[in-house]
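If you read the protein sequences in the order shown, they are chains A and B.
Residues in the first sequence are numbered consecutively from 144, following the working numbering.
Residues in the second sequence are numbered consecutively from 77, following the working numbering.
Errors might be hidden in some of the hints.
To be verified - Lysine to any residue pairs mimicking SDA-like chemistry, simulated, CA-CA at most 25 Å apart:
#	chain 1	residue 1	chain 2	residue 2
1	A	K247	B	K133
2	A	K199	B	S172
3	B	K87	B	F141
4	A	K202	B	F180
5	A	K199	B	V177
6	A	K247	B	F141
7	A	K247	B	P131
8	A	K247	B	E161
9	A	K247	A	L154
10	A	K247	B	E178
11	A	K247	B	S138
12	A	K199	B	G174
Claimed, not checked - Partner residues aside, some chain A positions facing chain B, computed with beta carbon under 10 Å:
#	residue
13	L147
14	F153
15	F172
16	S173
17	L175
18	Y178
19	G183
20	L188
21	L229
22	L231
23	R233
24	G234
25	G235
26	F245
27	G248
28	L250
What the hints contain is simulated information worked out from the structure, not anything from laboratory work.
All of these numbers come straight from a predicted model, not from anything done at the bench.
Built from N, CA and C at the ideal position, the CB exists for glycine as well.
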Amino acid sequence: TQLLEQSPQFLSIQEGENLTVYCNSSSVFSSLQWYRQEPGEGPVLLVTVVTGGEVKKLKRLTFQFGDARKDSSLHITAAQPGDTGLYLCRGGSGGSNYKLTFGKGTLLTVNP
Amino acid sequence: GAGVSQSPSNKVTEKGKDVELRCDPISGHTALYWYRQSLGQGLEFLIYFQGNSAPDKSGLPSDRFSAERTGGSVSTLTIQRTQQEDSAVYLCASSSAGGLVEAFFGQGTRLTVV
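Let the sequences and hints guide you as you build the complete structure.
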């Protein structure tokens, strides 16, 4: 089973600060997704990255897929309290693609 | 329906009792997943259904856990002889196909075993 390591596990920052969270694996993924989960809700897809070196922007969120497709990062600029939540990465490749391994997530708290 | 629906939203049960959790996926979605999430933790894969293929049950933690999907639509996750360590949020997701397409999640069933 491919493992996705997310770091940091917990992050608490003040409104307006920038932050980066990471998703790393020793295995190559054909593609990777980022989800955000708010308390009491199921995860919601933010983005899918499929090409090594790809960068995608979603308003204040910037997602990057590593050149070797083993790692990804999510950078948030000028964080807001509404960004609070659990950020999860999910990857898949080859024959076990359907299991779509999730990382344990980064729990982000943005304080006003 | 418009989204994935799970019921009940909350369930409190006594240790040793059986429970059934229901998931109504988005109409037409062929793939259905069950995950378990402990407090503040990530998602633990339990079982995957895809079309008429045999389900992947490799994530079920013990033989007390079972799941079925009737008519390629509604799914039920059954936990027999519940234990306190079964307490968690059980999330169901569906997607239009297998593989890394968008998974749509329900709000989950919070199970508490007392």
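Going down the list of hints, with the structure as the test:
Of the pairs offered as hints, the one joining K247/A and K133/B holds, with about 21 Å between alpha carbons and a cut-off of 25 Å not exceeded. The hinted pair formed by K199/A and S172/B meets the criterion: a straight-line CA distance of about 23 Å does not exceed 25 Å. Using a Cα cut-off of 25 Å, the hinted pair K87/B and F141/B holds, with the two alpha carbons roughly 16 Å apart. A distance of roughly 22 Å separates the Cα atoms of K202/A and F180/B; the hinted pair therefore holds under the 25 Å criterion.
The straight-line distance between the Cα atoms of K199/A and V177/B is roughly 17 Å, inside the 25 Å bound, and the hint therefore holds. Proximity of K247/A to F141/B is assessed by CA-CA distance (about 22 Å); at most 25 Å being required, the pair is judged to hold. Straight-line distance between C-alpha atoms of K247/A and P131/B comes to about 24 Å, which keeps the hinted pair within the 25 Å bound. For the proposed pair K247/A and E161/B, the alpha carbon gap of about 18 Å is at most 25 Å, so the pair holds.
With a CA separation close to 14 Å, the supplied pair K247/A and L154/A stays within the 25 Å bound. Distance hint between K247/A and E178/B is fulfilled; the C-alpha atoms sit about 19 Å from each other, no more than 25 Å. For the given pair, K247/A sits about 21 Å from S138/B by alpha-carbon distance, which is consistent with the 25 Å threshold. Between K199/A and G174/B the CA atoms are separated by roughly 24 Å; this keeps the pair inside 25 Å, and the hint holds.
The restraint placing L147/A at the interface with chain B holds, with a minimum CB-CB distance near 9 Å, inside the 10 Å limit. Given hint, F153/A at the interface with chain B, holds; its Cβ is 9 Å from that chain's nearest Cβ, closer than 10 Å. Proximity of F172/A to chain B holds as hinted, the smallest CB-CB distance being about 9 Å (cut-off 10 Å). The beta carbon of S173/A is positioned within 10 Å of a beta carbon in chain B (closest approach about 7 Å), and the interface hint is therefore held.
The closest approach between the C-beta of L175/A and any C-beta of chain B is roughly 8 Å, which is under the 10 Å cut-off, so the hint is satisfied. Interface restraint check for Y178/A: the shortest CB-CB distance to chain B comes to about 8 Å, inside 10 Å, so the restraint holds. Satisfaction of the interface hint for G183/A is found here, the shortest Cβ-Cβ separation to chain B being roughly 7 Å, below the 10 Å cut-off. Interface restraint check: L188/A against chain B, minimum CB-CB distance 5 Å, threshold 10 Å, status holds.
Annotation: interface hint on L229/A holds; nearest CB of chain B at approximately 8 Å, less than 10 Å. Because the closest C-beta pair between L231/A and chain B is about 6 Å apart, less than 10 Å, the hint holds. Proximity of R233/A to chain B holds as hinted, the smallest CB-CB distance being about 7 Å (cut-off 10 Å). Restraint check, G234/A versus chain B: the minimum CB separation of about 8 Å is within 10 Å; hint holds.
The interface hint given for G235/A is met, as the beta carbon of that residue sits about 4 Å from the closest beta carbon of chain B, less than 10 Å. Among the interface hints, the one on F245/A holds; its C-beta lies about 4 Å from the nearest C-beta in chain B, closer than the 10 Å criterion. At a threshold of 10 Å, the smallest CB-CB gap from G248/A to chain B is about 5 Å, leaving the interface hint in force. Checking L250/A against chain B by beta carbon gives a least distance of about 6 Å; that is within 10 Å, so the hint holds.
In summary, the structure agrees with every hint in the numbered list given earlier.
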